[in-house]
Structures are given as structure tokens and as C-alpha cells.
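**Q** Could you put together the complete structure from these sequences and hints?
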Amino acid sequence: MTYTELFIFTLEIIGTIAFASSGAMLGIRKNMDIFGVNVLGITTAVGGGCIRDLLLGIHPPKMFQNFAYVGTAILTSCLLFALFYLKKELLESSFLEHYERVMSTLDAVGLGIFTVMGIRTALYLESSHINNLFLLVFVGVVTGIGGGMMRDIMSGNTPFVFIKHVYACAALIGAFLYIFLCRVIPDTAAMLISSLAVVAIRMLAAHYRWNLPRIQ
Amino acid sequence: MTYTELFIFTLEIIGTIAFASSGAMLGIRKNMDIFGVNVLGITTAVGGGCIRDLLLGIHPPKMFQNFAYVGTAILTSCLLFALFYLKKELLESSFLEHYERVMSTLDAVGLGIFTVMGIRTALYLESSHINNLFLLVFVGVVTGIGGGMMRDIMSGNTPFVFIKHVYACAALIGAFLYIFLCRVIPDTAAMLISSLAVVAIRMLAAHYRWNLPRIQ
Amino acid sequence: MTYTELFIFTLEIIGTIAFASSGAMLGIRKNMDIFGVNVLGITTAVGGGCIRDLLLGIHPPKMFQNFAYVGTAILTSCLLFALFYLKKELLESSFLEHYERVMSTLDAVGLGIFTVMGIRTALYLESSHINNLFLLVFVGVVTGIGGGMMRDIMSGNTPFVFIKHVYACAALIGAFLYIFLCRVIPDTAAMLISSLAVVAIRMLAAHYRWNLPRIQ
Numbered sequence: 101m102t103y104t105e106l107f108i109f110t111l112e113i114i115g116t117i118a119f120a121s122s123g124a125m126l127g128i129r130k131n132m133d134i135f136g137v138n139v140l141g142i143t144t145a146v147g148g149g150c151i152r153d154l155l156l157g158i159h160p161p162k163m164f165q166n167f168a169y170v171g172t173a174i175l176t177s178c179l180l181f182a183l184f185y186l187k188k189e190l191l192e193s194s195f196l197e198h199y200e201r202v203m204s205t206l207d208a209v210g211l212g213i214f215t216v217m218g219i220r221t222a223l224y225l226e227s228s229h230i231n232n233l234f235l236l237v238f239v240g241v242v243t244g245i246g247g248g249m250m251r252d253i254m255s256g257n258t259p260f261v262f263i264k265h266v267y268a269c270a271a272l273i274g275a276f277l278y279i280f281l282c283r284v285i286p287d288t289a290a291m292l293i294s295s296l297a298v299v300a301i302r303m304l305a306a307h308y309r310w311n312l313p314r315i316q
Numbered sequence: 101m102t103y104t105e106l107f108i109f110t111l112e113i114i115g116t117i118a119f120a121s122s123g124a125m126l127g128i129r130k131n132m133d134i135f136g137v138n139v140l141g142i143t144t145a146v147g148g149g150c151i152r153d154l155l156l157g158i159h160p161p162k163m164f165q166n167f168a169y170v171g172t173a174i175l176t177s178c179l180l181f182a183l184f185y186l187k188k189e190l191l192e193s194s195f196l197e198h199y200e201r202v203m204s205t206l207d208a209v210g211l212g213i214f215t216v217m218g219i220r221t222a223l224y225l226e227s228s229h230i231n232n233l234f235l236l237v238f239v240g241v242v243t244g245i246g247g248g249m250m251r252d253i254m255s256g257n258t259p260f261v262f263i264k265h266v267y268a269c270a271a272l273i274g275a276f277l278y279i280f281l282c283r284v285i286p287d288t289a290a291m292l293i294s295s296l297a298v299v300a301i302r303m304l305a306a307h308y309r310w311n312l313p314r315i316q
Numbered sequence: 101m102t103y104t105e106l107f108i109f110t111l112e113i114i115g116t117i118a119f120a121s122s123g124a125m126l127g128i129r130k131n132m133d134i135f136g137v138n139v140l141g142i143t144t145a146v147g148g149g150c151i152r153d154l155l156l157g158i159h160p161p162k163m164f165q166n167f168a169y170v171g172t173a174i175l176t177s178c179l180l181f182a183l184f185y186l187k188k189e190l191l192e193s194s195f196l197e198h199y200e201r202v203m204s205t206l207d208a209v210g211l212g213i214f215t216v217m218g219i220r221t222a223l224y225l226e227s228s229h230i231n232n233l234f235l236l237v238f239v240g241v242v243t244g245i246g247g248g249m250m251r252d253i254m255s256g257n258t259p260f261v262f263i264k265h266v267y268a269c270a271a272l273i274g275a276f277l278y279i280f281l282c283r284v285i286p287d288t289a290a291m292l293i294s295s296l297a298v299v300a301i302r303m304l305a306a307h308y309r310w311n312l313p314r315i316q
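Residue numbers (the numbering used here), protein chains in the order written: chain Z, 101 to 316; chain B, 101 to 316; chain G, 101 to 316.
Errors might be hidden in some of the hints.
All copies of an identical chain are treated as equivalent in the list; a pair is satisfied when it fits inside any one copy or across any two copies.
Using 25 Å as the maximum straight-line C-alpha spacing, the simulated SDA-like pairs for lysine to any residue come out as follows [as the list claims (entries may be wrong)]: (1) K130 - T205; (2) K188 - I293; (3) K162 - E200; (4) K188 - F107; (5) K130 - N311; (6) K187 - A300; (7) K162 - I114; (8) K162 - F276; (9) K162 - T221.
Honestly, the hints are just simulated from the structure, not real lab data.
**A** Set out below in C-alpha cells:
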């Protein structure tokens, strides 16, 4: 494993923790039992990549090829469950607010790295995919936001991408950026810049409450 | 492209517009932003074919092989969004009623052609599928109604096939009809007759409010 | 067909009837028409296996290779629909209570045999999967509970695995047990013991109202 690979892997694990956390917290808030909390945590963390692999014909999906991601999701879900099980009062404290602010940042990191890694998976699988712009953008965005969509559909919420500020758009812009950059600058730089762009758009959108147009 | 192919393609684009329109209108009614409206429009238009391709093992799904369909869906969604964004009052006018009546007819055309093209995709992929009646009927119907089901599940509605009059049944009858006819008459004629049968059943069912039996 | 194969097939058909019944009954309770009742019956019966086949890359899924399972699901759905259509008063009688108690037992048999058969499908497809514990457990559990999850998501309910006592856990324990046993004792014995364990855990959990921990 080179330093670059290690760096990518670290970002992926950070994203996995943040995604699993958002799934597990939803399960905890809906009073699900520990099994349900884990299902939502795992689904949010690896669901997007799983949809991507089904579309690209990667059998079995990558979530079964390296247990690190699902393992991280299970660990995150169980730790959160144990924490709020033992200290229920934390659910109504200012701790939760701080926790969610930190997680929101890590979630943006996850969105960035998963979007880029989704595109790289398609390119690595078949280099001719470089000419299929729509396919690349689609698998990038779906890797980034698919897990959250599955989480919401499974738990009976309206999928957040339909209401959350600019979340999916950040992934969309990052996907286009990476596909453009990876042809003109070294891959590692392209990855880094595109992922950072996603994080920046997400954070700015959350801070300034950017909205896409909608019909009131 | 022969005249027959051009004719089929025209019908498919008409169906794509009608399907995308039904998805986009649902998003507009639910106050989704322009991204959500596009997601619902695209999903309704190409979701059924995507499920079919996953079942048949076509990787990546055909929606990624010819951008015309997704492009049409995006264009339709954006145009509708722009129209109702600029002229909000249209949402409560008699214009909408006329619009939906026209779209309902085009939607029937889409249901017919997508059902038939779903079966043809399976046959073209592997001609031995001709002996698997259940597979052919299933992929035909799922190509026709799968996008609408995904639209409803994603937006939190009860899938319309569970309540809408005879919608899925029209696809079912058209599928059986095409599978029978394509063995005994020229393919173009078989396609035309089966698609028209779907349209006819749909329109008659809507006009006379046919219902399947249910337990009250 | 050997006696063992016949025995397995019998258990599978029993499970198919029970699963289809749970889907069809939900459709009947929600006042769906006969088409919707069949869609829910079929989905519950074969949906889990279909997800498994998509993950493993079996195209087309096994539900299209042997019509016996889907045929059984259709027959079950239509018979139930006819019964309650002709004798609506049964829906509010003590008959329903007895019926559901019997079905709950058969459902446990289905959960057991489908979980085990899911794992066997993965092993039969590629014997090297024996080393991928997570994959085996996942496809086992998803074969057992995936149909019920699809049923609930399609009909707008919170998926039962998030609330039902120990249902998914029974499949999980049965999956681990079978994967362990199939290496140390003859396959038929391993199947039988693991399936029975699932049934026993399910029945005990229902009777004693076992619960997994949740945060109140």
C-alpha cells in the first residue's frame, strides 16, 4: 500500500464512519432495536457502492471483497447504540448538537471521496468508460448519495436528496470536476481537488443555507 | 436506421416524454427543488428498463448506452420546472387538466411500446428466452411499469399499480399478445398490434373506469 | 430427484406458500385489487432470492428458471383473494386468528429453509465463496428476509425487520450455524439442524416475546 493508497483508504474509512453514523442515528431516533440500527448504518455506508456495482456488473459487489468498510459500519453502529443505550440523556443534550456538527463535516468528506472513488471504480473496470460521460457522472453521484437514499426509503422518510440543500449537487459538480481533471493533471491531484471541492460546496451550502430553486 | 426503427424510436421518445412528465409533475407538486424534479423524471422514464437490464444481466444498463432517453427525460423535467416556476398560476388552472389529459394518452403509448421493447430486449439478448414465457412477460411488464413504481416508492406514495385502474393489466395483456403474435406474424406487425392493444385497454379502462375486483 | 432433494423442495414450497400468504394478506388488508395482491404475494415469496441472485450475478435470477415457486405464490395469492372476496366476514372472525397462527409456523419453516438455501446457492455458484464468511451470511439472511422487506417498502410500511422480535436474528444465527456445520457434518444434517434452529428461535421468540435491546 503506497502513501497515496493509505491516504485514500483513510478518507474512505472517515466517510464510512460518518455515513454509518447518520444511518445509525436515524435508527436510534426511530427507536429501532440494535439489529435495525446496524442495518441502517451498514446500508447508508455501503449502499451507494452496492448500487454502483450492480449497475456496472461487479459480482459480488465490492462490499463483500473487503470487510473493512462493513466492519467499520457495524462498529460505528454498535458503539453509537451502546453510548445512547447507557446514557439516554445524551439524546437531548447539547452534546448531540456538537456531535452532529462534527459528523456533518466528516459526512462531506465521505461524499467527496465516495463520489470520486465511484468514478475511479468504473474507469478501472473498463477504461473505455472514459468516453461515457453520463455513466461516469451517474456512478459517481450514486456512490456518493445512494446509501443515504436507501436509508431514507427503508426507514419511510422522504429521501433527503429531494429536500436537503445542494447535497446531491455538490456530488454532481465534484463528479464533473474529477472527470475533467483526471485527463489533464495527475490522478492523485485530480482526486484531491475534486473531493475538496465537494467538501467546500457542501460546507458553504450548509453555512449560507443555499437552496436550489423550487416552486413554492 | 430503417423507417421501422425510426418509427419505434419516435414512439419510445414519446413514451419517455410522457413518463418523465409524470415523474417531474409529482416532484413539482411535492415542492421538490429542480434536482429532485429531475431525479423523479429520469427515474420514471428509464427506471423500468434499468430493472429489466439488471435482471437480464445487461451491464451497464441500456440507459447508459444511448443518452437520448435520459437526455429527453432531463429536457422534459427542466422545461416543466421552468414553465411552472415562471407561471405558478398554471398549477391551478384548467390548462393543467388539458395537459394531463394529453399526457395520459402519451403515457399509454409509452406503456405499450416499453412493454413490447422490454420483451424484444430479452429475445435479442438470448433467443432461447423465447421458451421462457414467464421471463418474457415479467421483463415486458417491468419495463412498462417499473419506472412508475420506483417513482412512487422514492417519493413515498403507495405505488400506483396497486390502486390505478387496470394500468398494469394492460401491460400484462399486451405482453402475452406480443409473445404470441411475434411467432405467427411479422415482427413489426406484432409490435404494432400489441402496443395498440395496450393503448386501447388503457384508454377504455380510464374512460369507463374499469376496475379489477377488490375486497371492500 | 433424490429423497433429500424432494424433502428440500417440499420445505421450500411450504415456505413459499407462507411467504406469499403474508404478502397477499397485507394486500387484502390494504384493499388492493387482485393484481396488487398477487404482486405483493410474489414479491414476498421470491424477492429475497432475487436480491441474492442480483448480488451474486446469477442472470436471469432463479425465479425465472423454475416456475414452481412463482406459480405457487400466484396460486396462494389468488386462493386467498377468492376466499376473502367470497366470504368477507372471515376477515373479522376468529378463523383469521387461527389461520395466522398456522401461517406464522410455516413462515418460520420458510425463513429457515430459505436462509440455508441462500447460502447453498452461493457455495454451489463458486465454491471459493466458502472463505467469504460475510458474503455467505449476508446472502443467507437476505434470501430469508429480503422478500418481506420488499413487501413492506412497496406497501409503505416500516420494514418489519426493524420492529419484529428477533425475526432477522433467527436467520442470522441459522446462517452462522449452517456455515459452521456444513464443514464438519454431512450437508443434509447441517441443513436440517440449521433450519430447525431458525424455526425454534423464531417460535420461542414469538412465544416468550423476546426482544432485542432498543433505546426507549
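**Q** Could you check the structure against the hints above and give me the numbers of any it violates, in ascending order?
**A** 2, 3, 4 and 6
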